[in-house]
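Given chain S, put chain R in place with the hints provided.
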Amino acid sequence: MVANEAIIKTVNLNCYYGSYQAMKDMNIEIYRNEILGIIGPANSGKTTFLRALNRLNRLNVSYSQKGSIFFENQNIENISDSVLRKRIGIIFALPQVLPVSIYDNVAYGPKVHGITGKSKVSQIVESALQSAYLWDEVKDRLDMPALRLSGGQQQRLCIARTLAVEPEIILYDEPCSGLDPISTAKIEDAMQQLKEKYTQILVTNNTKQAARVSERCGFFLMGELIEISDTNALFTYPKDKRTDDYVTGRFG
Amino acid sequence: MNISKAAGIRQKVAFVILGCIALVVVLPIILTIIYIVKNGAGAISWEFITEAPRKGMKEGGIFPAIIGTILLIIGTMLFSLPLGILSAIYLVEYARENFFTRLIKLSVVNLSGIPSIIYGLFGFTMFVLFLRLGTSILSGSLTLAIMSLPVIITASKEALESVPRSFREISFSLGATKWQTVRYCVLPYSLPGILTGTVLSLSRAAGETAPILFTVAAFYLPRLPHSVFDQVMALPYHLYVISTQVPNMPAKLKLATALVLIALVFLMNLVSIVLRAHFRKRKQW
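First to last, the protein sequences are chains S and R. Count the first sequence with this note's numbering and you get residues 1 to 252, in order. Count the second sequence with this note's numbering and you get residues 1001 to 1285, in order.
Certain hints may be false.
Straight-line distance between alpha carbons at most 20 Å, and here's what the computed EDC-like set of lysine to aspartate or glutamate pairs gives [to be verified]:
| no. | chain 1 | residue 1 | chain 2 | residue 2 |
| --- | --- | --- | --- | --- |
| 1 | S | K24 | S | D240 |
| 2 | S | K208 | S | D240 |
| 3 | S | K197 | S | E5 |
| 4 | R | K1281 | S | D143 |
| 5 | R | K1281 | S | E77 |
| 6 | S | K197 | S | E126 |
| 7 | S | K9 | S | D25 |
| 8 | S | K9 | S | E215 |
| 9 | R | K1178 | S | E77 |
| 10 | S | K239 | S | E29 |
| 11 | S | K239 | S | E215 |
| 12 | R | K1178 | S | D81 |
| 13 | S | K111 | R | E1169 |
| 14 | S | K197 | S | E166 |
| 15 | S | K66 | S | E77 |
Part of the chain S face toward chain R, derived, beta carbon under 7 Å [claimed, not checked]:
| no. | residue |
| --- | --- |
| 16 | I28 |
| 17 | S82 |
| 18 | R85 |
| 19 | K86 |
| 20 | Q96 |
| 21 | G109 |
| 22 | V112 |
| 23 | V165 |
Please keep in mind that the hints were generated in silico from the structure rather than gathered at the bench. Note that beta-carbon positions come from the ideal geometry of N, C-alpha and C, so glycine has one too.
Isolated chain S (complex conformation) (with noise of 0.2 Å):
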């Protein structure tokens, strides 16, 4: 494992909506630039983990928590809302596009911070759809509107809207939950490419999907961590007997 920076550090988070917990006591840190691939059943806190990270479970009313959460050294309360969010950006499960063109979908990030001018804003757009791989499908149609475009395209739009706000960590919450193989493929190529500028947390139900793009791995059952590892190393020689059954598929 390569030593390196923590970007994100957990200590102690604990989640609850109402009174069910759903996160017991997680420390985990997650380093700069990496890929760290979440793993685990249904129910077992991987997207209240991604949506704690940017304070979006917040808008669930039932929602509070308890520990801390430091990015780059600083405690996350510290940080407002709209900056926290800038920085950690988010691909939802299915595709989530605003029911306008593909050009205003990636600019609507640029024009909320207040990036104003047509030819900045075009080239962001430009510059964003190409990191996501979908520049050469949609340079010709960037009036059409977004929700034409087939569910593979749609998120990599939602990477690109994301990217062109340029944040420092994209969170992926199952991104590739309604896609077929080959859309998968080239959303798992973008993230590959995406690596050298962007520290990346993938939650994902496909457990091949993790082996085969992220670089460390972690297991989460009912709300904790039960094991974080070389991704490798987790899926070859996992410690715990509730991985090994997981990961070969005994339950779950």
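Just chain R now, kept in the frame of chain S:
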């Protein structure tokens, strides 16, 4: 075979019954309109629409009343639209669920059930007497605005709530503030519903007599108003006056006045339909 045949018959019977019920709802409206058009259209002329009433309102036109009603609609809209939409935005997007907001929501629902004469009395006490605005366009518009508010708030609330939650999540996840999210990701998509509700409540306000009775309406005032502190004639009140207070009023003049009022309300509803169709083209989800 037998079962499906029986089901087919039952379905036909159900269709006939439902069709009859629908007809019962529509029939009175159609009959009223036919009656008014048939007996009132003859009295409508250029003179009727553009001239002031003469000779104890038995001759001349209803121009001041038409202008009065249009001014009252505009005044009502100026007060109720911003207040109603902003209240709805506050209730849906900003307010947390607590005792206070539940009280507001309950009040809004209950306000829409209050008889319009009560609004008229409230407007008279509050605006005409207490705030010393006198019987004026201002007092009348404010009274009608308060009466329209519950419907505008309720319709706007529903329109805002019908925007998918995911739009807000997308916007927040990109670092947008609450207001940016409302402004760019919620309002544009709820505008058709807000407009429909607003126009419906305004067209109801246009036809109301009780709220303007003590606050603005003039019995007979052939000149046009000079300022918002003037009284005006208004179509619904004029119709009431010529139907009950003027002896030997020709029936066709009453029906012609009613026809103009209905036409005005229809026109407003038409505008709302056109606007809604225009905005709906943008709705693609």
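(request) Output the numbers, in ascending order, of every earlier hint that fails for this structure. (result) Of the numbered hints, 5, 16 do not hold.
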